[in-house]
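All chains, please: the whole structure from these sequences, using the hints.
Chain residues, written in single-letter form:
2 protein chains.
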Amino acid sequence: MTKKAENKNPNKKNQNSSSHIVSKLIFISAALIGLLSFYIYNIITIPPEVPQFDLNQWWGPYPIDLNRDLSIRPFTIEFTDVIINDLRERLLHRREFTPPLEDAGFTYGFNSNFLTQVLDYWQNKYNFKDREQFLNRYNHFKTNIQGLDIHFVHVKPQVSNHIHVIPLLMLHGWPGSFREFYEMIVKLARPHPSYNFVFELIIPSLPGFGYSEAPVRPGFGPAEMAVVIRNLMRRIGHERYYVHGGDAGHIVGSVMATLFQDEVLGFHTNMPVLMYHPLATAYTLLGSIWPSLIVEKELESRLYPLSQHFQRHLEESGYIHIQATKPDTIGAALTDSPTGLAAYILEKFSTWTNYEYKKAADGKLLMKYSLTHLLDNVMIYWATNSITTSMRLYSEACSKRNLALKLDQIPTNVPTWGIKFKHELIFQPDSLLRLKYKNYLHSTIVEDGGHFAALEMPDLLADDVFEAVDTFMEFHSGKKAEQERNLPKDETAKNIYEFTALNVYGKNVKLDEYKGHVLVIVDASNQRSIANSDYEQLNELLYKYGNSKGLRILLFPSQHNVYINLYNFSVKNHVEFDIFQKVETNGENAHPLWKFLKQKKTTSGDFSKCIVDSKGVPIEWFSGNLDPLDLDGFLDGYFNSDIEDY
Amino acid sequence: MTKKAENKNPNKKNQNSSSHIVSKLIFISAALIGLLSFYIYNIITIPPEVPQFDLNQWWGPYPIDLNRDLSIRPFTIEFTDVIINDLRERLLHRREFTPPLEDAGFTYGFNSNFLTQVLDYWQNKYNFKDREQFLNRYNHFKTNIQGLDIHFVHVKPQVSNHIHVIPLLMLHGWPGSFREFYEMIVKLARPHPSYNFVFELIIPSLPGFGYSEAPVRPGFGPAEMAVVIRNLMRRIGHERYYVHGGDAGHIVGSVMATLFQDEVLGFHTNMPVLMYHPLATAYTLLGSIWPSLIVEKELESRLYPLSQHFQRHLEESGYIHIQATKPDTIGAALTDSPTGLAAYILEKFSTWTNYEYKKAADGKLLMKYSLTHLLDNVMIYWATNSITTSMRLYSEACSKRNLALKLDQIPTNVPTWGIKFKHELIFQPDSLLRLKYKNYLHSTIVEDGGHFAALEMPDLLADDVFEAVDTFMEFHSGKKAEQERNLPKDETAKNIYEFTALNVYGKNVKLDEYKGHVLVIVDASNQRSIANSDYEQLNELLYKYGNSKGLRILLFPSQHNVYINLYNFSVKNHVEFDIFQKVETNGENAHPLWKFLKQKKTTSGDFSKCIVDSKGVPIEWFSGNLDPLDLDGFLDGYFNSDIEDY
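If you're matching them up, the sequences are chains R and A in order. Counted from 1, the first sequence has number 348 at position 354 by the numbering used here; the numbering is strictly sequential. Counted from 1, the second sequence has number 439 at position 445 by the numbering used here; the numbering is strictly sequential.
Quick caveat, the hints were computed from the structure, so don't treat them as lab data. Keep in mind that a hint or two might mislead.
Some but not every residue of chain R turned toward chain A, in silico, with C-beta under 8 Å [to be verified]: (1) F104; (2) P405; (3) K509.
No farther apart than 20 Å at their CA atoms in a straight line, the calculated lysine to aspartate or glutamate pairs in the EDC-like style are these [as the list claims (entries may be wrong)]: (4) R:K394 to A:E310; (5) A:K400 to A:D48; (6) R:K394 to A:D48; (7) R:K576 to R:D97; (8) R:K416 to A:E310; (9) A:K394 to R:E578; (10) R:K589 to R:E578; (11) R:K362 to A:E350; (12) A:K394 to R:E310; (13) A:K394 to R:D97.
By construction, the Cβ of each residue, glycine as well, lies at the ideal position given by its N, Cα and C atoms.
In structure tokens:
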């Protein structure tokens, strides 16, 4: 009967006769779609504006604690006996597993036969006290940023004078932790035979991961995380630094390189991808017909056939889907069961290291890692009970609000360097990465290795970081020489329009956007804390002259002032004046703008103010003792009758 | 600064000037795509062939136990002290939860504050012994089907003679159980004022769910499950019956109504949807432009705007994604932690009852259900440790193998009736359902209720089942009258080509497909068990004359023979002869074919054989004592020299 069935499709003939017309139609449609795409292209290639964030947004519980400790406190990891005994009890009394299906390996998830081995090891052989000591071999700290206690490992190498020490921020991913980088630290913080620098390493636990506190309210996505980490770097004392990241660490690092282009000196990533970039997606689809358009011949198989890679991605992205929608539900289970937590985390270390490993009964988990190292990482999630809050990052990253920021579509000039391991989950050609990373300098291609490169190939990855940062520095010195040739000289400038300054949202503002406006520029960079009444008076002044006469008020407060007073003020009032970031206003290191402003300065002191006329020339200085509202009497003569109704 | 930014898009003008061309291009593309669709339409509207399944496939561990107990054994649910104490211990020692985000309700999954209440109740107030008694109030049984012990509730109403007792198979979903139907049983198994029938209820635990064993190897999807349930019904003694299902029960019921169209008398579903039907999807997309094409005005909002419903579906389908790819990983956690299990299961009872409930801190879980009833269901998963195997159904249903069967695209003539609750997860208009259900008789529209209708609105659902089955019976009596007018009369038939018979795969075979072939038809329906040597000889005969002379051998074995011998034989050999399902071959109730065959019968006894010539006329009968190979001498004269090389 089977034989006969094969010859029994009466419709085959019809299909053949119509296929010619179909292919014609497909061709014409494709051509038209091509044209249409060109127009869409024009629209989608206009980059979105850089969103502006409140750099001091509060993520702890209300009310804001104005007197909280902002110091950096030493911290020690502890696997207490309470934690250990409770964990061992749970492992001992774990419930009988459902046996795996015959020959299923890891294809239905973590194989429960092998899970037994992992848990027995954890229960009986994992040396908690040894591992605690191991984790504490580097210095740990905590400090409160925006209401959250943020944990970080800080490795400051002691080297001779001729070796430069370069700050490097290292960002882990999910389901990883600061522990991922331990094998790399040795390599990065010691002099390298080929380079004259080493790294000072700052390795935080991302907020909500491990020993860093989690936000208490919705809305804390990768961008908000980037702001916290950036503020952590400032707290430690770094305003310029390099960043390395993979997985979630890539995403947060990429956002930092987007929002803080003047602060991040270079971005090294071992998961170089644009997560959400319609044009990149369109190119990728187009490439399935014409691969050489976007990808080098020798890397083609990492991306095409698209259907095969898409199928794998679909197979491996269930965790994203559930973490993006129901992190708390699955979190309830993983919080309560070390068995579940180990299976959930370690499954990734098998399949993401090499997709083919899922065919093996043990997921070849021990092929590249030791159980001790893997369980160190699981322990960090277990001891801190942070799996739920770590998973919430996916909810926030996939929220409409976050996607609408289109962060991946905003170009960055930060020099960027990717390393592409063979078995990484997603591959993206350099041509697409350059849509965002305008100074994408290089991709290192590795014909081995997977998603957890820091743990799997620490030496190779560390070497790549050295090479990348060396290249970044070269890039900057070339850039600097070029810039110096074109920089405005503060002494020779005619007006303020030639200068630029960072505003409070991290945006570099060219002051020519104030052309034609009378300005009051306030030096609030000194010790005196600005009182709310000062803000109120400034706002009142603007209320009177802003719309009617085009007055603008530019405020350069100290970090501390921004940090507390301004936050409280702005939550209650609509702030109309323009706030800039802290700069030096005096002496050798003064910001060029301030050097220029003070050339003809006649008064000084805290909260001194300068009126700049509508041609950009600073005319009059007033002391800090003059109430802002008293400027009213002086301003009148500056307003040009041509400018009305702003 | 913000004000200015608004006026700063230099590309706006370009966009406007090109929009006219864009809209033209869109129009032309749409027209061409329309034409293309027409051709694709022709291709995708050709229904796939009904796949053929081994109705006796073995799903237990090997080797097959030939002497196993095939009886129906009474069964009692037990919540033993061991189970209860272990569970209470785990609930007592549950780990501290991660607090929910501020005002998050159930939007990040099960709210952990409310989870505390649920678990406290389970631990301290849920009366295990009472509930055990409650669950045992109906008769439970187990019986072994294809190597799996299948559990079912069996309710046989005792009613007076004038009330008909109609068999109804009730299929639960995920994460439900037989418990879902308890509130409906009372209503369905007692005489209804409006109808002259009641239901005999067969309520199985789906294989891998609750008290039914799970298969031990991959490949057990909805179709394989349908075969097991169908065989269960036969074991109980029902060859014709009605089916009700929702959720996974809908899917399995729908497959039964597809594969066993002569056995399922009617299909009632409270989740009437086609899961995987490209044409239905195409129509649904088309309907977003032109809704009235596919959906009634008053139901439009249940489907459109599509983006909104799609968004919700995406939000609610993370569990499908992870269960379809990594059921064993998440299973490890849910097996080990009653906290996790309760959160995972009960989250669905909140959000799937009404999407809006997720805004509430308690998910309004107690608005429609009592905790006791909800926990009955959770207890069934917990006590049987069946969550992992239940979730594997999603892996099998989403496997390439299962999707390639295109079961939803195969039409069925089984009369079908849907009830559509307002908050059901997916809505599909009748017009699309009719693509598959050729006799889709009616949709009941309910302006309330959600996914768990049996538990939420048992009375309304039970009434609907009564009405549906009443309509099904009317449908059949009309159909039967019509059929009787057109049936071939066995006495007057000229050859066997006018008859049909069900083959072993459940397919209705019209015998005219044997036209021109010489046939040996074997009556193996009697008591004597067929020996392997008989099969071997039949196969040998075919080997000699099958390809060269076009000989076909048709075997009508008894159920028992098929069940054991044939299975063993076919796993070792490639069976070339055509096997049919058990039929009566003698007497009043004999199958029409057999009445016709035996009109001129000259010999009888077990394993008797008849040669039918190449014109379909039965010529010679041979006794069971004649070895099949001895037919060789008789066959030669029948072969027509025109037919060669089959």
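The hints, checked one at a time:
1. Annotation: interface hint on R:F104 holds; nearest CB of chain A at approximately 5 Å, less than 8 Å.
2. Taken as an interface hint, R:P405 does not check out: its beta carbon lies about 15 Å from the nearest beta carbon of chain A, beyond 8 Å.
3. Checking R:K509 against chain A by beta carbon gives a least distance of about 11 Å; that is not within 8 Å, so the hint is violated.
4. Taking the CA atoms of R:K394 and A:E310, the gap is near 16 Å; set against the 20 Å cutoff, the hint holds.
5. Annotation: proposed proximity of A:K400 to A:D48 holds, straight-line Cα distance about 18 Å (limit 20 Å).
6. With a C-alpha separation of about 48 Å, the suggested pairing of R:K394 with A:D48 is violated against the 20 Å cut-off.
7. Distance restraint check for R:K576 and R:D97: the Cα-Cα separation of roughly 63 Å exceeds the 20 Å cut-off, and the hinted pair is therefore not satisfied.
8. Proximity of R:K416 to A:E310 is assessed by CA-CA distance (about 34 Å); at most 20 Å being required, the pair is judged violated.
9. Between the alpha carbons of A:K394 and R:E578 the distance comes to roughly 65 Å, so the proposed pair goes past 20 Å and is violated.
10. Simply put, R:K589 and R:E578 have alpha-carbon atoms about 9 Å apart, close enough for the 20 Å limit, and the pair holds.
11. For a cut-off of 20 Å, the pair hint linking R:K362 to A:E350 is broken: about 47 Å separates their Cα positions.
12. As the CA atoms of A:K394 and R:E310 are separated by approximately 16 Å, the hinted pair is consistent with the 20 Å bound.
13. Under the criterion of a C-alpha separation no larger than 20 Å, the hint pairing A:K394 with R:D97 is consistent with the structure, at around 18 Å.
The structure does not agree with the numbered hints 2, 3, 6, 7, 8, 9 and 11 stated previously, though it agrees with the rest.
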